[in-house]
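Following the numbering used here, the numbering of the sequence shown begins with 4 at its first residue and continues without gaps.
Among the hints, erroneous ones may be present.
Unchecked claim - With a Cα cut of at most 25 angstroms, we get these calculated PhoX-like pairs of lysine-lysine: (1) K352 x K315; (2) K55 x K240; (3) K254 x K352; (4) K254 x K315; (5) K300 x K81.
Calculated directly from the structure, the hints in this document are not laboratory data.
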Amino acid sequence: DSLKIYFLSRHIKYLLFFNICLRLVFLSGFFHVNKSILSAELVTSLTPCCVKTNIMFLKTHKTTSSTILNILFQFTEKHNLTIALPADQLVHLGYPETFMTRFVEEFQTIGQNYNIMCNHLRFNHLEVRSVNTFYFSIPRNPVSQLESSYVYYKDAAPAFRTSRDVNEYLASPMDYYHKGNYKENIYAKNNMWFDFGCNNNAEDNESYIQAVLEKLEQNFHLVLIADYFDESRILLKHTLCWDLDDVVYFKLNSRMWCSLDWKLYLHFNQSFWKRIQETMGLDELEKEVNLLRARQKELMETCLSDQRPVEKTRVEDKALMPFQSEAANILSYNLNQDLDNRSLTAYQKMVMPELHYMSYFYALQHPHEKGK
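With the hints as constraints, model all of the structure from the sequences given.
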């Protein structure tokens, strides 16, 4: 019996010793893994975030893109950068023609030595491609985009002009839309698809659409979504390594008929949220969106006398009056009168209409050119 007890206790000792060794092996692996994770996190946190200053923004129509344009104009001033302005002091870079470099003011002299390109153009990757340049754009829900386009371009597009309202137009669009009026009717069908350089009258063919979307994925580093504008600005801030104040703004200014625009929107809406998850996650996004909105509210209370946009008849400073289309009432702002000169200048730029800001940059970058 004593011999059995001896052997049993000996086996128990071996088992305990083996168990301890096994635990040590697992613990060493655990600490090794965690050490690797901590090292990776440390490297990531120590990796410098370099501010991106070479940017090509594809400005699509009626998608809050004018607000993005204003943000880019302010960023250009802040960092003393240069903008690729339209030749001959036009509003667009050759639009609706497919973009060519000759549409840029003094391109023969400046070449590609400008930092920002953000005026309306029809995308042409071969003509706009540049090394170390960040490409992004911002589509919008096609129903909202088409309704907004209908009001704004009511007198410009024959398809809109000959219909009574947007519902009548969408009820039977082929009664009003004619492919022969190619340039005049670009706003009336798949306008975002057209802006991205594609055929807005193409058939809704799955293989064709997939090929186009894959090409756009290659050409653009980031595609935001106008319907999630605050979230889009936070993602843009992270991606470009900008400050929060760089993306603060004061707001300036479809259905199956637009099926190509729908496919474009659905595709990039999915990739937008995937990019959010990869970049920061939803919890961090919510925190930063709240910070952004609080900062925006603070600036509006400081800067604006009405703290909201006003109709064109109530705009006090006519220099801040945006272009008015026939049918649309484009709002603007009145600034507080007790601002110091530095603050007044900064806030004027935040609410300055697109055409006024462009005139400012023409005078700054091309002082020898006479104004229109």
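Structure-based check of each hint:
1. Taken as a hint, the K352 and K315 pair is honoured in the structure, with Cα atoms around 18 angstroms apart against an allowance of 25 angstroms.
2. Simply put, K55 and K240 have alpha-carbon atoms about 10 angstroms apart, close enough for the 25 angstroms limit, and the pair holds.
3. Simply put, K254 and K352 have alpha-carbon atoms about 13 angstroms apart, close enough for the 25 angstroms limit, and the pair holds.
4. Taking the CA atoms of K254 and K315, the gap is near 15 angstroms; set against the 25 angstroms cutoff, the hint holds.
5. A hinted pair counts as satisfied when its Cα atoms are at most 25 angstroms apart, and K300 with K81 qualifies at roughly 22 angstroms.
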